[in-house]
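*Asks:* Chains as they are written, first to last, in our numbering: chain R, 312 to 871; chain F, 6 to 430.
It is worth saying that the hints were derived from the structure and are not from the lab. Treat the hints with care, since some could be wrong.
To be verified - Restraint ranges, calculated between C-beta atoms of paired labels, are given here:
# : chain 1 : residue 1 : chain 2 : residue 2 : range
1 : R       : T392      : F       : A91       : 58 to 64 Å
2 : F       : E368      : R       : D676      : 36 to 42 Å
3 : R       : R388      : F       : N364      : 28 to 34 Å
We treat Cβ as the ideally placed atom computed from N, Cα and C, and that holds for glycine.
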Amino acid sequence: MSDKIGIYVCECGPNIASRVHIDKIMEDLAKLEDFKDKELVIKNHKLLCSVDGKKFLEDEINENGFSHLVLAACSPRDHDTTFINVCKKTKLNPYMYRIINIREQCAWVYSDKDVATEKAVRYIHAGMNRVLYQKPLNETELDSNPDVLVIGGGTTGIEAALSSAGENRKIFLIEKEENLGDLTSKLKELLPRQGSNLNVLKQRISDVQNNKNIRIFTNTELESIVGFLGNFEIVLKNKKSDETTELLVGAVVMANGAELQNPQELTDFNFQNDDNVFTAQEVEEMFSQSDKLTLRNGNEPKSVALVHCVGRKDLGYCSKICCNYLQKIAHYINEQSNNIEITEFYKHLCLPNKEDQEYHQKITDKVNFVRITDISLCGTELNLTKINGENSTLKPDMVILATGIIPAKDNPKFAKMLKVDLDERGFFNEAHLKKDPISTNTDGVFIAGTTKGPAGISESILQAQACAGKILTQLIPGQKIIPEVMVSEILEAYCRGCKTCLDVCGFGAIYFDEDKGVSIVNEAICRGCGNCVGSCPSGSIRTKYFTNPQLYQEVKEALR
Amino acid sequence: MNNNVLIIGSGIAGMDASLMLSRAGKKVFLVEKLSLIGGKIIKNEESFPNLDCSTCLIAPIQQDILQDKNIEVMTVSTVQKVEGTAGNFKVKIFKKARYVNMQDCLGCGMCYPPCPVSQINEWEENLMEKKAVYVPTAGSLPNVPVIDADKCLRLNGTEECNKCAEACMFGAIDFTEKDEEIEVEVGSIIVATGFDTLDVSEMENLGYGKISGVYTALEFERLFSSNGPTEGKLTLRDSKKSPESIAIIHCVGRDDVGYCSSVCCTYSAKHAHFLKHKLPNAKIYNFYNDICLPDKTYQKFHEKIKGHATEFIFQADRNKMNIIQKGAKIEVSYIDKKDIKNSVLVDMVILANAMVPANSSTELYETLGIETDKYGFVASQTFRIGSVATSKPGIFVAGCAEGPKDIQSSVIQAEAAVAQILSKN
Chain R
312 MSDKIGIYVC ECGPNIASRV HIDKIMEDLA KLEDFKDKEL VIKNHKLLCS VDGKKFLEDE
372 INENGFSHLV LAACSPRDHD TTFINVCKKT KLNPYMYRII NIREQCAWVY SDKDVATEKA
432 VRYIHAGMNR VLYQKPLNET ELDSNPDVLV IGGGTTGIEA ALSSAGENRK IFLIEKEENL
492 GDLTSKLKEL LPRQGSNLNV LKQRISDVQN NKNIRIFTNT ELESIVGFLG NFEIVLKNKK
552 SDETTELLVG AVVMANGAEL QNPQELTDFN FQNDDNVFTA QEVEEMFSQS DKLTLRNGNE
612 PKSVALVHCV GRKDLGYCSK ICCNYLQKIA HYINEQSNNI EITEFYKHLC LPNKEDQEYH
672 QKITDKVNFV RITDISLCGT ELNLTKINGE NSTLKPDMVI LATGIIPAKD NPKFAKMLKV
732 DLDERGFFNE AHLKKDPIST NTDGVFIAGT TKGPAGISES ILQAQACAGK ILTQLIPGQK
792 IIPEVMVSEI LEAYCRGCKT CLDVCGFGAI YFDEDKGVSI VNEAICRGCG NCVGSCPSGS
852 IRTKYFTNPQ LYQEVKEALR
Chain F
6 MNNNVLIIGS GIAGMDASLM LSRAGKKVFL VEKLSLIGGK IIKNEESFPN LDCSTCLIAP
66 IQQDILQDKN IEVMTVSTVQ KVEGTAGNFK VKIFKKARYV NMQDCLGCGM CYPPCPVSQI
126 NEWEENLMEK KAVYVPTAGS LPNVPVIDAD KCLRLNGTEE CNKCAEACMF GAIDFTEKDE
186 EIEVEVGSII VATGFDTLDV SEMENLGYGK ISGVYTALEF ERLFSSNGPT EGKLTLRDSK
246 KSPESIAIIH CVGRDDVGYC SSVCCTYSAK HAHFLKHKLP NAKIYNFYND ICLPDKTYQK
306 FHEKIKGHAT EFIFQADRNK MNIIQKGAKI EVSYIDKKDI KNSVLVDMVI LANAMVPANS
366 STELYETLGI ETDKYGFVAS QTFRIGSVAT SKPGIFVAGC AEGPKDIQSS VIQAEAAVAQ
426 ILSKN
């Protein structure tokens, strides 16, 4: 088939028409030397994105049977999608079309109409050069599995499982320990933001156990995972029996939680195991089990010091929940006895929820709050500097430490398996901190709870529900998945097998074929970012629709 | 059981929920009281902690919303009446006339210059004027102006002015357009009405409204923005000069409202950074009491700015801050860390004022029949921990309508609300 190129110049009302010579553009294009053996149809329209304009374009494409199409109009951010959709209604493959921005880049930026016109001709000419090198691309459809693997059987994982499970969606919930919801069972009470009824949380454990769409694997770890959104092949392994289970899922929720820092590893906090120094978690557990705070010898302490922000200096971030749970512990102690002197040592109070300040104020007249700039511990002896610069030493009967939340030790292992990035602290990284905070750089892998950073119970539950929201919208039972079309491809003959592309791929879309000794792109995962193209020392990779010849043809005219 | 969803408010929470529900095949009615969508984020040129360009963050989302066939966007609209129960709500929406045809208008802006009327632009925090036919800010989406019927000489009956219509080359101005009452049927509702900031003009000790160099945080955001009233030039409203010294006051109104707004410490650090960037020789002070940095990334951001841009000064009592005009300068006096009264002289003060429930939201929450907490935010149901459910089945809440929070927490709530709706049907 010989080339027949349609070229349509949009006037954008007065926006383009009043700032360039439309007729001159069309005349100059018709006279192009290098296109004189090509059949060109060059027309203008008042407003191509209007209902009339779109119909006009559709009819023109159908009547003329173009092999290529160039539209000179506005920014592709405004109407590229509009015109792709017009092409889709016709026989023309949408990847045989190119939009050229003569509004923002020509009409609007020059006061001299002739200069704008000349530049517009060049840009359109560049686009005409380019389209000749474009190839039709076709969307493919992939089957997808709606089932979900949830890693971690704590409060977060349980919530993710319960919110995602349904008649047409099975959930596989794995927990490496013996029991589900371990941490919750160690709490005495909840904070105001978390509701007043701890039984609600405990009820969730039996809910998940009784849900016929949720299969629970305790003592189980993830052995391997390969695949992409809608199609992950996973192998689970029982730690005790070594028995393995192979499953297919469409998505993964990481809810493996976090750990607490060991204060004895901190240089400023020196104490032995038999000293009356406890972590807040140990105290919460003590209250939950015996409802009573006691020293190691079984007696009630007369004075207790609560220390905020332990280890924060080294961690470099706020653990977010400690100020609140120390208030809770102060409440417990005060309920136990009015005679116990409670002092809290803090630098800043972090009370970020609307319920927090009121809760804090309920305890302020029962607790001595001391603002400090520095603190160190030797046994139960505290050496501190107050905000006003005074130094002081005191030795309460008991010291309770709010230690920092740190990433789980197995995060790096999971990150590697799931091809997901960790942040500089070792927590899982968000796809975008603000606009996509529970997705990761791998489609189909979601993160919730302390796996992505310090978080309280209510926040973790919301994040788990948000994961369910993503899964329920991205993996609809029976619906096919359409992967990106403009993906990278590797020319095997040129690939030297250096594996540089594997390192730069942010999506884990490239794997190495050991037999052939070449890298291969998994087109279902690739997003066409082009990182691999730039990194390849042998020039064996190209991204469809952005190949070197296409770009060269465009640039050579634009920069002439 | 009706599968349609009504979303009230088109900020980040409302937009995110709309797009997700549309992707799941639901019909969405997105109701917004202003003439543009996007919410508060677009008032900030750059958003913390990674200082990415807010427009670049939001514009693609706005475009996706406007081009989505499953989402019916209703701007200049408010919810009037809600009847029925979960699964079957009948909602009456009052859609004000825009007087500009959305299909015909191209957003070229030719209609503004000839308009003879000037009025204060609230969207620009009252820092500039707009015409009776206007878009709230450059870059508004949808990029279609609205005519203020109270101010327009023709529509308010003052005279037969036709200047905007004459200037429009597309015949998009339509003075005959009428307000409409539209009834829609939906199965679920998401309340994403956002927040406003505390009116500080009543707080005598802060001098706001009397001392011209005292700004609110949102005013400063607009002042800094390149599409704002000064095109990003940091000049004071009276002297038109750049300030040489600036005090940023944290926790303004916190004890009056009774809660921490959780984002002010981080955006106040951002403001110090903005100032240092544009006015490298300026002296900047951040007056704080507690520093609240509730995300893994915020402390690093805070420390980076504390190190190079500003001096952080501890004030022992938030309520003893006093701001007065002293000659050409502004005196900021405070109780310092040694419990002694101290002061600095500056040219400009920026107040990080508390977040409060959105204006006129009380009425809306009554219309919806949902409970609020003692502060006026929507009460989420605490018997379901971490829930986005309101007191009324079928109605969910997301974002700052539930209480102060950052962008990511708003998005997470929106996505959680979507899960609640989709798992029900």
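*Asks:* Against the structure, test the hints numbered earlier, and report the numbers of the ones violated in rising order.
*Replies:* 1
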